[in-house]
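Q: So you can see what is in the structure, the chains are spelled out below.
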Amino acid sequence: MAVASSPLIVLEGIVTAYEGADRPSLRNVSLRVGPGEFVMVGGPNGAGKTTLLESIIGMLPITCGSAQVCGIDVKKQGTAVRKRAGYVIQNFSFDPLTPFTVREVVMMGRYGKLGYFRRPDRHDAELAENAMKTLEIEEFADKPIGTLSGGQQQKVLIAQNIAKEPEIMLLDEPYSNLDLYSREYISTILAGLVRKGITVVVVSHAFDGLPDLPIHAVVMNNGSITLDRACRAAEIEDIVRTTSQVPVAHA
Amino acid sequence: MLEFIIPNIILCRAIEAMASASIACAILGVIITKIGISSIGFTMSHAAFAGGAIGLFFGIPVTIAAVCASLFIAVLIGPLSDRARMSPDTTLGILFSMCMAVAIFFIAWMQTTGSGMNATMLLYGNVTSLYQHEVYGLLVVSAVAALFVIVFYKEITAIIFHRKIAESTGISTSPIFYGLLFIIAISIALSLTIIGGLLIFVWLVTPAAIASQFCRSIRSMFFVAPFVAVCISVAGAVAGLSFALPVAPLTAVIFAAVFAVAVLLSPMRRITNSKN
Ligand SMILES: Nc1ncnc2c1ncn2[C@@H]1O[C@H](COP(=O)(O)OP(=O)(O)OP(=O)(O)O)[C@@H](O)[C@H]1O
Ligand SMILES: [Mg+2]
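Protein sequence lines, in the order shown, are assigned to chains A and B. Here this note's numbering is used: the first residue of the first sequence is 1, the next is one more, and so on. Here this note's numbering is used: the first residue of the second sequence is 1, the next is one more, and so on.
Don't read these hints as lab results, they were simulated from the structure. Backbone N, C-alpha and C define an ideal beta-carbon position, used for all residues, glycine too.
Calculated cross-link-like contacts (lysine to aspartate or glutamate; reagent style EDC-like; alpha-carbon spacing at most 20 Å): (1) A/K75 to A/E167; (2) A/K196 to A/E126; (3) B/K34 to B/D89; (4) A/K76 to A/E12; (5) A/K113 to A/E126; (6) B/K164 to A/E19; (7) A/K113 to A/E129; (8) B/K164 to A/D95; (9) B/K34 to A/D95.
Take a look, some chain B residues computed to stay more than 10 Å from chain A by CB distance: (10) F58; (11) S129; (12) L130; (13) E134; (14) L139; (15) F182; (16) A239; (17) L265.
Model the full assembly from the supplied sequences, consistent with the hints where possible.
A: Here it is as structure tokens:
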């Protein structure tokens, strides 16, 4: 695969443990991802996919090994990494009374980059508007986010991360709440990001409607990466199915 | 400061103190209730109460003892709740009852030794013998609370929205969180002697609770909650002093009544009658 000279994500033998857990959830994981790669991470429930994403952006304690993302040491400067890498979380639920509109939530994607004392200006507002247009959620812009459907909320979170203008975009099961049309639509958006040179890492159990791009397939089992190779969109489902130690449910 | 409108110096100071304490508590209350850490505010209030009682007993200035106790609890529970992996109920429940026990122990003891007057002030508050510097202290605290919200508005709102998402956007949430606990500790401790250890939590949560019955945005809550709190506190101070009633308990009852009315009138529970 075309790993460029300076990979954006370099993990070398990392071990990640949750606070209070007896054994680490990631064990000796190494991974290199270059700019503009489209990475699909598969594997059974509990394999450590979410843990992998959260280790990459420094939200979990890496106890051994080294991790460099965008040339930054994740262990020392997690916040700096998170300003440059987007992350769409897997489990979220917003109360219907949550007092934030879609527009405000999308704008929050800019907050980290702005830093403590700067306020969002017109440029930030424009990026937020464009992100909402890209995800086709402008019509909900002034609705409280909690009153949207699960799939619509998912799109809001993706828009939030697009407004951030990340160099790397991590998405944890972005398709889980989406209808068939929306899956293909999101895939097209992700393919657009890849074409702009942004690295996209998607954790998913659903492999239909993927963009027709070279794919960097990563399969995790039981806290380790058991497969790491290039493939085509048509092959990924079979690869994940045969290399996952527990069969993945057909999505 | 308001002597030119309110010539009665006792009433004047009472109003100034109650208004300032209300502003600080209401602003912080909005953050506390919206982040969902009311139980931390609750425990810190009672820690300040216990600290105040200890201070009174040993002749340490009450406010200083209360600040120390409240900060101590903040340092203790901060890291636990910061990680959000602890179920805080049990720990906070234990800490709260411990603080209560300590406070009541010393207050009861003081009552047997004959210095009960000061002790009851800690329970229910006292607005009739305030010094000007106490009023200034409260004013400064309410200004600090307001500044904290103004300066870190975007970080605070992001944390209120979703702590993990806020963290993932690249905000360092911990400094904000600890700053918040620090300001809460100071505000509670300074308000302790006027509002009383048993009632201070009313000031912390009720204004935010009333505001959230009507406000759909965080921004409006930051205006409505302090406004409501000031109105009620000033009304309570005036009524209490005019009719020689205990001011803080009276005000707390008014808070509860206004909250009940707010719930009844709240537009949030309305279901649309429109057919399309
Ligand atoms: N907060 C936590 N504390 C302790 N252990 C955890 C925690 N979260 C996850 N784990 C453990 O870490 C392992 C990996 O979890 P992870 O969430 O990364 O799985 P996943 O591959 O994302 O699964 P899924 O497909 O269900 O999302 C699991 O064995 C799980 O039990
Ligand atoms: Mg997961």
